Amino acid sequence: MLTETTERNYAESVKSRPSFSWRIVKNKGFKGLFVGATAFSLLMLLVLLTRIITQGYVYIDWDFLTSFPSRKAEEAGIFSAFIGTIWMMTVTAPVSFLIGVGTAIYLEEYTKKNWFTSLIQMNISNLAGVPSIVFGLLGLTIFVREMALGRSVLAGGLTMALLILPIIVVASQEAIRAVPGELKSASFAMGATKWQTTYRIVLPAALPGILTGNILALSRAIGETAPLIMIGALTYVAFLPEGLLSSFTVMPIQIFNWTGRPQEEFHQVAASGIIILLVMLLIMNAVAVWIRNKFQKRL
Amino acid sequence: MKKVWMVSALAAVMTFTAACGESETDSETNAQGNGGEQTESDAEENNASDDEGILSGEIAIDGSSTVFPIMEAVSEEYRMEAPDVQAPVGVSGSGGGFEKFINGETDLSNASRPIKEEEKKGLEENGIDYIELPLAYDGISVVVSEENDFVDYLTVEELQKIWTDGQAETWSDVREGWPDEPIERFSPGTDSGTFDYWSEVILEEGDISKDAQLSEDDNVLVNGVMNSPHAIGYFGYAYYAENRDTLKAVPVDNGDGPVKPTPETINDGTYEPLSRPLFTYVKTKSLQEKPQVRDYVEFMNTVAGDLALEVGYINLPDEQYEKNKKMIEEAAGK
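Heads up: the sequence lines are chains A and B, in that order.
When you line the first sequence up against this note's numbering, it's residues 3 to 301, in that order.
When you line the second sequence up against this note's numbering, it's residues 519 to 852, in that order.
Honestly, the hints are just simulated from the structure, not real lab data.
It should be emphasised that the depicted structure is a prediction, and the values quoted were computed from it without experimental measurement.
Heads up, some of the hints might be wrong.
Said to hold, decoys possible - Which stretches of chain A does chain B cover? Using the computed rule of at least three CB atoms under 8 Å from a CB of chain B, they are:
#1 71-79
#2 237-244
#3 259-268
All C-beta atoms in this analysis are idealised placements derived from N, C-alpha and C, irrespective of residue type, glycine included.
Work out the full structure: start from the sequences and follow the hints.
Quick look at the structure:
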């Protein structure tokens, strides 16, 4: 009885099954769709890159890297913006690393899951989606005005650190969570304390993930303009920062300003600036990939 | 254990390379700076008589993005004059600049429109005295595409009809005999001083047409107008001057016959009512207490006209700079 029905069902299902070739067509159709989607984004990237490179190569030379901005396109350079970006990163990187990874360790290793920690968790994830200009307002109120840091490298770097903190926390948490529980249990079984386990077992194992997340977050900070304009970072700067309280400018602000000029030559200068920014981002991402590969092998 | 050391080593290396990059570039600029200073000190020796010592310190300048190219040029030239003074320029927009000015954070505030009543009040409350210095003119140019063959000139009333909400829909509504095609309008964004000025002199009480496409980036407006024979837009003279081969400036008739925006008509004030002055506001206290600010402002007043022309704006009549000079002297006190 049972086998009878199954057989009948099977026969029916074979009958009702769409023709064999239709399945194949569908299969190919979807493959084509996905290939198309990939090709489209690659094409866009290619168009963007060729446009920027053909526009920008004219002005790229040593002078461009070592000159201050100028009203004359031929003499304009990105020196102060380039160095300003590096200065800002030297503030942002350590601050966001320490606070971000610290938070992640606390949330993953020390807290128990309860309503309070899930509230924190939810808020961190939400913060990652807050528009960057809001962080700019926060930076303006707290660092520039309340703490009276002025429109300095320090204020800018701290604002950027706030901006990328949520990304770093989430990435670090995921890396820490991916460490096998057996490793930790083994460590505890040997009588290690929580800190010893975290320091000697969890962190080393989670390190590639944490560092990759950090570098990608820093890459985002390098490209951000809005929060810095909000806190009043400058546009024309013909000197280099002398310390953490110097005023400064960064590459995206300089590029943004050049693209808004009426003169076509400045659009080319802007393209040159974009090339420098892209190269810097590529280098950072390459370092991220290198770190990941290097440390993963050692595990 | 080892791995953790690797981390800290890596972090150290990262900061170290960053620091290296800085010190390297630092020494380079020093070298450059020295080169610059030499010529500088030469210049200074020449007019050492009217300078008490070498000026230094920082001047805080912020405000309108329209005025920025002029101030950038002034600061660039001023580096030759006083290399130890830092005069960076920020771009927070006219309104954002005034906010900082009211807060006492800046010495000079650039604006592409006159100061508003509530801003004046804010300054008064904080006890900040200031002087208003016109620096240059910008001729707001009304433009159509090069392909547009019917618009020969526009009166102020016609402009009003085109731009005010709920009035003209098609070009034939504006003037008899023009094509029955919808008008495509391109306007600077509502945050810009250009828009403020336009709504004051053209729209008066009315709202801007809801069909108008607004953009903060004037190059977007240029492209929009360029691509359609039925489009019209307005923006600063420099953006028209750079795109003469694809755009046509429309002569504007304010009752005395159509006038085309040219450096001459903008300078002598016949291009009315769309010649708009660009300003910088200077804190009187900074003028009096910071010698570098006074020196900078005096220098600015002598070069602003020429530099304005160089970056695409129009100089003011000479009398205005004379007037500015008197105002500066009075405010600084001597």
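Hint check results:
Figure legend: the segment 71-79 of chain A, annotated as covered by chain B; annotation consistent (3 residues with Cβ-Cβ distances under 8 Å, at least 3 required). Coverage of a stretch by a chain is defined here by at least three residues with a beta carbon nearer than 8 Å to that chain's beta carbons; for the segment 237-244 of chain A and chain B the count is 6, and the condition holds. Counting residues of the segment 259-268 of chain A whose beta carbon lies closer than 8 Å to any beta carbon of chain B gives 7, which reaches the threshold of three, so the coverage claim holds.
In this structure, every one of the numbered hints holds.
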